[in-house]
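Q: Chains as they are written, first to last, in numbering that gives the first Met the number 0: chain A, 0 to 256; chain B, 0 to 268; chain C, 0 to 251.
Quick caveat, the hints were computed from the structure, so don't treat them as lab data. If a hint is listed, it holds; no wrong ones were tucked in.
Derived list of chain B stretches under chain A, where covered just means 3 residues or more per stretch with a C-beta under 8 Å from a C-beta of chain A:
(1) 112-120
(2) 125-134
(3) 198-210
(4) 225-235
(5) 244-250
Calculated Cβ distances over 12 Å to all of chain C for the following chain B residues:
(6) ARG10
(7) PRO19
(8) ARG41
(9) GLU53
(10) VAL54
(11) TRP84
(12) PRO108
(13) LEU154
For clarity, every value in this text was computed on a predicted model and none was experimentally measured. By construction, the Cβ of each residue, glycine as well, lies at the ideal position given by its N, Cα and C atoms.
One letter stands for each residue in the lines below.
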Amino acid sequence: MRHRLSSLLWFCAPFAVLLALWAILVPHFDVNPRLFPHLDSVAQAGLEGIKDGTLVRHVGASLLRVTVGTVLALLLAIPLGIAMGVSPTVSSFLTPPFRFFSVLAGIAWIPLASLWFGYGFGAITFVIFNAVFFIVTYNTLLGVSTIPLHVRNAAASLGAGRWAMLTEVLLPGALPNIVTGIRTGLGFAWRGLIAAEMIATNVGLGYMLFVARDFYKTEVIVLGMIVIGVLWLLLDRLLLAPIERATSERWGMVQRV
Amino acid sequence: MTPLLLRAWSRYLRLTTQWPSIGTIVPFIPLIVAWWIVTEMRAFPPAFLPGPAEVVRSFGSLVYTGVLPEYLQDSLVRLAIGSFWGIALGVPLGILVGLSQPAHKALWPVLLFFQAIGDIAWLPILVIWFGYGLTTMTVIIVYTVIFPVVLNTVLGVRSIPVNMHRAAQSLGASRTRMLWEVVLPGALPNIMTGLRNGLGYGWRALIATEIIVGTSGIGFLMFDARRAGSVVEILLGMIILGSLWYIVDSWILAPIERATGQRWGLVTK
Amino acid sequence: MKSLTIRNLSKTYFDVHAGANVTAVRDLSLEVPAGEFVSIVGPSGCGKTTLLNMIAGFIPHTGGEILVGGHPVKGPGPDRGVVFQSFALFPWRTVLDNVAFGPKMRGVGRAEREKIAHEYLALAKLSAAAGRYPNELSGGMQQRVGVVRALANDPDVLLMDEPFASVDAQTRMTLQEELTRIWEQKRPTVIFITHDVPEAVFLGNRVVALSKGRVLEEIAVDLPRPRVWDDLNEDDRFKALSGRVLQLVRSA
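Chain A on its own, in the form it takes in the complex (with noise of 0.2 Å):
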C-alpha cells in the first residue's frame, strides 16, 4: 500500500514541476494570453465550466458517444471475429479485407460518415464504431486462428461441446488479442472522436476545442486539452492496460518484449 502511494507520488511529481513553471514563466515573460493562458484563468475557466454546467455537458456528450460507439462495436466485433475463425479457410481468406479496414479505420471515414448520417450524434458514434469494429474483429480473427489445432482436439477430446470449446477455448485463447484490439482500436476511436468532434457537431470536447481556437480563448483550449489527456490516461492505464497485462501476461502467450 505504501509503496503504491510512493509510486504515485513520484508518477505526480514532474507533473507539480510542469505547473509550478507554468505558474512562474508565463506571468515573468509576460506571455500573450491570446498564445498562452495563464494557470489561474485556466482553473477558472474549468471552475466556471463546472459551475455553469458547459464542461459536463462536453465532457458527457464526448463519453456517451465513445461508449455508444464501443459497445456496439464490441457486441458485433467479437462474435463475428470468432465466427469467422474458427476455420482456417475463411480466416485466411477474410484477413487481407479485414486488414485493409482495420488500417483504415477511424478519421478516414469522418467525411463519408457525415454525409450519410448528417452532422451529429450519428456520423460521430459511427465513426469510433468503425474504428472499434473493424480492429477489434481483426484482432479476434488473429486471435482465435493462432490457438493452437491441439488445442482444440484436446478440448474436443476432454468432451467439450460446441458451446464449452466457445466459452473454455476460443474465447478466453483469443481474449489476449482481443483485449490488445480494443486498447488499439479505441486509441483510434478517442483521436477520431476529438477530429469529428471539430468538424461535424456543436456539442462535445473537440467542439469546445475548436470554437474557442474563433475566440482565441486559449484558456479553453488548454483546459479541453488537459481534460482529454487525462480522461484518456485514466482510461488507457487505469482500465486498459491492466486488462490487457492480466490476460496476455499472466498467460504467457503474448511475449512483452
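With chain A's structure known, arrange chains B and C on it following the hints.
A: Chains B and C alone, transformed into the frame defined by chain A:
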C-alpha cells in the same frame, strides 16, 4: 463442397503459396462484386453509395487532371517530413529515458500524459500559433509519431538483458561504443514497432489535419468532396488511403519489423 | 595470462526485501597463479556468483581487494573475459561478428579480427556456423560461441559463471571435454563457477568449495590430462575426489 470447387480451391491455395500477393488481392474481388451488385440493384440512392465503375472513372479523371498525383504527393511529403523528425527526436529521447533512471522518473509520466492528449487536440492551439499551413501539419505529425517511438524505444532499451551490457563491457566496449553496439540494436525491434504504430497514428492525424485546416492533400480532397456532396471522390480517397497504407504497412514496415526481431530471436511470432 | 589474487574480500549489501544488511561474501582470500584452472563449487546462495561478479567488476566489493596481474580491479574490462550462463551473445550479430567483437573494440582492423575469429571458431569446431545468427544455433553451440568470444579477446583471466548449466546432459559432457582441450592449447587462467561437483573436478586443477561466503576448503586435482569422460567415469581417483568434494558441499 463439390469436388470441382474443392479442386479449384486447392489450386488457388497452391497459387497463393507461390505468389503470396495473389492471396491478398483475390479476397477483395467478391467484396467489389458485392458492392457492384448492391449499387446495381439500387439498394441505396447513388448519391449515397456510387458503384465501383464511377469510382474508377473519377480516379481516371482526377489522375488525368493531375489533381490526384499532386495531392497524393503533398500528403506523402508531409508524412515523410513529420516521420523523419519524429524518429530523429524520438529515438535519442527514448534512449536517454531508457538508460537514465533520473530521466525516467522525471520524464516518463509527462510523456504518458502528453501522449494521452492526442495529436488532434493540439490542432486549435497550433492554428493560433502557426496559422494554417505546413508548420501546423508537420508539428502535428511529429507529435503523433514521436510518442509511440519514444515509449517503445524506452521499452526496448529497458528490455536488453543486463548480461548483454556486461558482456560488451568485459569485451572492452566503451560507453559510447555500447550505445552503438548494444543499446541501439537491442532496442531496434521495439523502435520499429513504435515507428509502425506511430505512422499508423501519424497518417490518421495527417488526414484529420488536412480535413480541418488543409488546402491540399488526400484528406482535403475527401472533405472538399464532402462539401460538394460527391460521395464518389470520398470513396476514392478512402480506397487510395486504405490501399496505400496496406501496402506500406504489409510490404515495407511489417517485413522490416520481422527481419530484425525474428531473425535475431528477440520477437517471437 | 596473469595471476589473480583475492585478499580479504567481502561484500555486504542492503536487501530491500529482507530489510536488512546481508553479507554475501566475507573475508575471502584466494590465490590463482597464471595459467591455472580453478573450479569454485558451492550450494546456491554460497556467494559464488557474487564473487564472480566482483572479479568481473560488474558489482563493487565492500572490503578487501582483487588484483589481476598485480593491478586492482575497478569495474569491468577486457583483461577479464566472462562467459555467462545465459550466453549473452549479441543476437543482432552473426557468430563471426560476435567472436570478432572484442578485437573490434580494441581497434583491430576488419581483416585481422575476422582472421582471429575464424581461428577461434575452428578451435571450437564452429567454422560452419560463422555466418549464422545466435538465435539459429542450438544452446550447446551458442555456448561454444560464448566461450570462444571471450577467449578471442585474449583476456588475462577467463571467468565462467555456470556456463553449461542450461544445456542438456549429453551436450554438457562434450562441452566440458572441449573446454579442457582448448584450455590445454591456450592455457588461460580460469575461474569456473559451478554447482555440479563432477564438472568441477573434471575441469579444474584445483577445486575450491565455498560456503556462506567463505572458502571451506581447497582440494588439488592431480588427475592426468587430457581428460575425457570415458576414462574418468571409471577412474577411482576421480570418484574419490568427487566423493570428497560432494561431502564437503553437502555438509556446508
